[in-house]
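**Q** Chain by chain, the residues run as shown.
Number of protein chains: 2
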Amino acid sequence: MSTYTAITLADRPSAEGIGPNLFNVEQRELPTPAAGEFLVKQTHMSLDPAMLGWMSPDTDSYIPRVELGEVMRSFGYGEVMESQHPDFKVGDRVTGMFGWTEYAISNGQGVSTVDASLPAEMVLSIFALPGLTATQGLYRIGKPKAGETLVVTGAAGSVGSMVGQLAKAEGLRVIGVAGGQEKCDWIVNELGFDGAIDYKADGMKEKLAELTPDGIDVYFENTGGPIQHLVFERMNAHGRVAVCGMIADYLAETPAPGPSWINLLVKRITIQGFTMPDHLHEAPQLLEILTPHVQAGKIKYRAHVLEGLESAMTGLNLFFTGENKGKLLVKL
Amino acid sequence: MSTYTAITLADRPSAEGIGPNLFNVEQRELPTPAAGEFLVKQTHMSLDPAMLGWMSPDTDSYIPRVELGEVMRSFGYGEVMESQHPDFKVGDRVTGMFGWTEYAISNGQGVSTVDASLPAEMVLSIFALPGLTATQGLYRIGKPKAGETLVVTGAAGSVGSMVGQLAKAEGLRVIGVAGGQEKCDWIVNELGFDGAIDYKADGMKEKLAELTPDGIDVYFENTGGPIQHLVFERMNAHGRVAVCGMIADYLAETPAPGPSWINLLVKRITIQGFTMPDHLHEAPQLLEILTPHVQAGKIKYRAHVLEGLESAMTGLNLFFTGENKGKLLVKL
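Chains as they are written, first to last, in UniProt numbering: chain D, 1 to 332; chain R, 1 to 332.
Hints in this document: simulated from the structure, not taken from any laboratory. There's no promise every hint is true.
All copies of an identical chain are treated as equivalent in the list; a pair is satisfied when it fits inside any one copy or across any two copies.
Okay, derived cross-link-like pairs now, DSSO-like style, lysine-lysine, Cα gap no bigger than 30 Å in a straight line [said to hold, decoys possible]:
1. K168 / K89
2. K267 / K145
3. K267 / K89
4. K89 / K298
5. K168 / K300
6. K267 / K143
7. K298 / K145
8. K267 / K325
9. K331 / K143
10. K207 / K143
11. K298 / K267
12. K143 / K168
13. K145 / K89
14. K143 / K298
15. K331 / K207
16. K145 / K207
17. K41 / K207
18. K145 / K205
19. K41 / K89
Fair warning: this is a prediction, and the values are worked out from it, not measured in the lab.
Kindly produce the complete structure, drawing on both the sequences and the hints.
**A** In structure tokens:
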């Protein structure tokens, strides 16, 4: 009898971070697909900051949280090994919410077949959640116009790096906020950002003023933290703010207050929070915006690849420490 | 030689409030209109919270502030006394930004002729800035849907009372926040709000929870202050917030912080600040929405009328103390 490994959620995270104590590693019997189903062998999983929200103890019903005992939820890439489904055949490369598991049975819902010639890392780094998220937030909320200035936090991350590159392609001045000199160098030298601010260094306020002489029109927020107030103070009239992530506050007992709404009024600013599950049905339209920029060579990516399913259990901590370099993936 | 009185701005307000020491009362020679001009005798002036922003020492160029030595800016109602202008004739009733003055010369720019059969108080209370502001914020930002819950602060004020009545007419559950029992009684008993919260009384948080059992979908913010955090905590997924005024913070040295953006993200909320000068060109479309509700008898108003031009100098303080009962007007 063949078995495979799956990891379930056993406890919810506290301020101490995330580790193996929150999970159960289970050996399960390899299932056979029934009629209308197929078996996927997952080869790559995506780790995303949103997963921290899914694990959160918050009982707020608006978060589709993972229940204790369930396989931890995640997006991944794999190959169809057996199929009783008319639309998926053996050998197809597919993406979907397979979870932290080596094998998954699927009925095809929410699963897409992808071009087998594209590397799995590229698929998960660009054409999956990060790319859709960057495109949704930048175009639908940020409404970028050539000549404007955009600031993006988490700028070396999977979403932030795409936001900045797309905005550059649209003719904006782009400033990225990232942690550490290496990331700052990467977004400026490799991705072509106009400037970078290291949130771990001193003098953020002065640096921001220097790099945004005409103020800020679009603010793409991936992190929260003290930079939020500094950026908000420099927003121009009719500025747009897309709130995509608040990693700095996910585990805080008391989240830091936001900026006063006075500026929001005086400058007629729009702020909009969004999460991709609301917009997955718009993926085809978003890909129509995104794909030409990728084809034109405007979008570079880098993947930070962890080895082995079990590495996911500590890998999520990299979002808190900011040590991940590029899109965080697990290779099974 | 005939003279008239005009009041100019002599100094900018500080935390001590607003009084005659900030203004100069001047006697001026009555002018004669040149070709293309007409002379208005102003009979009623509107006092609005936005005027506090116009007087502010803030040098932010996005505020169209009144310069020292200029006649204080205001919206008003009057009668054409002499005319060299083809579109305005003697006896016409007109509204426009005439300022704190008994007489004004105009070239017609920004001046509207109004139905002389409508009382001046009604024109300034409903069909002028308050009505346009309420309509813009409620419909364009709040996007009200029958069955939803709306909370409006400054609910007994000129804008807030109209927002609540329009939302009732659209089938929403409407809760108003106002200062003092008398105002709370008025919005519930006279205007038909579903509930009222006295921000000067204890137990706001419990009262709000009790009155909004299904959470809050639309938040129309006129005041700022501690209620802001309480309302924001109860916002539903996909909630909309229109920020129209922040009277509690206009003169604060350090404005109170806003709510954390965490909820904005988790609940995918949209917050938008707006001021009417950006939207005056849309007045015809806004009046198309507003007028049928007025004709259907859905919109009641009350005017709080001060007597004499010079009463304007202390009248603005009523916005800080919340003592004004309804739309604040000055009868000249």
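**Q** Hint by hint, say whether it matches the structure.
**A** Evaluation of the provided hints:
no.	hint	verdict
1	K168 / K89	neither (40 Å within a copy, 56 Å between copies)
2	K267 / K145	both (18 Å within a copy, 27 Å between copies)
3	K267 / K89	neither (55 Å within a copy, 39 Å between copies)
4	K89 / K298	neither (33 Å within a copy, 63 Å between copies)
5	K168 / K300	within (12 Å within a copy, 52 Å between copies)
6	K267 / K143	both (17 Å within a copy, 21 Å between copies)
7	K298 / K145	within (17 Å within a copy, 42 Å between copies)
8	K267 / K325	between (36 Å within a copy, 29 Å between copies)
9	K331 / K143	neither (36 Å within a copy, 46 Å between copies)
10	K207 / K143	within (25 Å within a copy, 39 Å between copies)
11	K298 / K267	neither (32 Å within a copy, 33 Å between copies)
12	K143 / K168	within (13 Å within a copy, 33 Å between copies)
13	K145 / K89	neither (44 Å within a copy, 46 Å between copies)
14	K143 / K298	within (19 Å within a copy, 37 Å between copies)
15	K331 / K207	neither (38 Å within a copy, 53 Å between copies)
16	K145 / K207	within (24 Å within a copy, 45 Å between copies)
17	K41 / K207	neither (48 Å within a copy, 54 Å between copies)
18	K145 / K205	within (25 Å within a copy, 42 Å between copies)
19	K41 / K89	within (13 Å within a copy, 83 Å between copies)
Comparing the model with each numbered hint stated earlier shows that hints 1, 3, 4, 9, 11, 13, 15 and 17 do not hold.
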